[in-house]
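Residues per chain are reported as follows:
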Amino acid sequence: MKKLINNPENVVKEELKGIELAHADLVKVYYDPDFIVRADAPVQGKVGLVSGGGSGHEPMHGGFVGKGMLDAACPGAVFTSPTPDQMLEATKAVDGGAGVLHIVKNYTGDVMNFEMAADMARGEGIEVESVVVDDDVAVEDSTWTAGRRGVGLTVLMEKIVGAAAEEGRSLKECADLARKINGQGRSMGMALTSCTVPHVGKPSFDLPEDEMEIGIGIHGEPGRHRIPLEPADKITEMLLEPVVSDLPFKEGDEVLLFVNSMGGTPLIELYIVYAKAVELLKAKGIKVVRHLIGPYITSLEMAGTSITLLKMDEEMLKLWDAPVKTAGMRWGI
Amino acid sequence: MTIQRDDVLNWVRDYAQVIEDNHEMLTNLDREIGDADHGANMHRGFKAVLEKLPSVEDKDIGTILKTVGMTLLSKVGGAAGPLYSTVFMKAGMTIGAKMEMELSDWVQALEAGIAGVTNLGKAQLNDKTMLDALFPAMDALKKAIADGASTGDALKQSAEAAHQGMLATIPLMARKGRASYLGERSIGHQDPGATSTTLLLESVAKKWADC
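Top to bottom, those sequences are chains A and B.
Counting from 0, one number per residue, gives the positions in the first sequence under numbering that gives the first Met the number 0.
Counting from 0, one number per residue, gives the positions in the second sequence under numbering that gives the first Met the number 0.
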């Protein structure tokens, strides 16, 4: 293992220290239990947005804490769900009296821990709603699995619902909007290489030089199929086709196209994927009206990409364009 | 013979050592069909348990087990955190403020723990989870008691049944947890959760053999 770390056991704590020093204007960092809140939390009368998950997906979620997006993020160990005590403290820290919305990615551990935290917070008199994101079409059979995973759509949901909360919408309105987004967004990802969890010290799966893994999640877990490597255009088609046909996205739809790097894939390659995706969508009469390109929900140093499509409407476009000021996403301010 | 408070403490300490010795093996099993963190998470959790234990070692069995459960909940994370936490919390609540217990108390405690896991994880037998070790262990424990086995023998038979249940997860296709995303590719691998659970019950049988 070759990594820019000091001690595998301290990576999350040392990362938090860096975030604290770099972004003191945006966030406050708390330790034991670990969580990040926006600098002006709690904002009175505003719905608090809390998310969290394993570390190793940076900038998600800590990088999305700030005005117009999340009020708090709870980082777990690398690829491991955070714990209820973190979520409870974060929830209390951001409750401005209008209730708190938990945005939870659909993984067994995340769902269980957030459920326990929501119960505890309600026990302390805080109104809590939870929305589970499950946009990954690579999980074909939801009945006999833990269900579809929450992947790229999470980033878009945190931005759009964050803007809605900033506008002063109610907890119910924010939760309804989040569920609407979950209902009209889909994703699929692939890996060119594996990644190495620091405390494990070796790659999470072995992927030969001439093969790729299609349908991966974001935790270095292997995907559904392993096949010979193909050119970018072909890979883009293999990712986009199941995404489009699942919802399905139809002729005349206006979409946000999110081409994400799994961490190791550079922008030069993402733009190649983006160009092909726009071409394929155009041929289907689907119009790309907004885009997001870059490493926003990563799996450490994994090379690979994921494609997310979200069907947009006027309301969502306005919220997407609204000002946001976080370490990982910033415009309009 | 009864199971004393110190027997419970010895078991918790022994299991922490078993995790210390086996965390890499557990993580490697999880690397094959999950996300390569089960051993590391359990290791972090039980190291914290060992640090916490001195503060409650003069307390009753229920308090000790609940303390283990609360510590695991805040230190383990993932799915294993809430699940193992539930096992210890429910067991502790069931046994209550006793300084010694009968095997029948332990059966009730374990039953409450299994109910807690089932409720939280919504898994069934043969879903390739820790329940595939827990269910057969429970059945064997009850059968051994009905057959008039000693405490030590009953626990040993229960641990052996867990071990068989653990091995029986190898040909199964995972239907819960992160391994379920692999579909048929999860077949042929031993479930990490069933493995750590078997180690737990083997530790019980070892430390309470003479009770």
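Rather than coming from a laboratory, the hints here were simulated on the basis of the structure.
The structure displayed is predicted, hence computed values, not measured ones.
A few of these clues could be false.
[Claimed, not checked] Here chain B is said to cover these stretches of chain A; the calculated rule only asks that three of the stretch's residues, wherever they fall, bring their Cβ under 8 Å from a Cβ of chain B:
1) 101-112
2) 143-151
3) 191-199
4) 207-219
5) 283-297
We treat Cβ as the ideally placed atom computed from N, Cα and C, and that holds for glycine.
Each hint tested on the structure:
| no. | hint | in the structure |
| --- | --- | --- |
| 1 | 101-112 | holds (count 5) |
| 2 | 143-151 | holds (count 4) |
| 3 | 191-199 | holds (count 3) |
| 4 | 207-219 | holds (count 3) |
| 5 | 283-297 | violated (count 0) |
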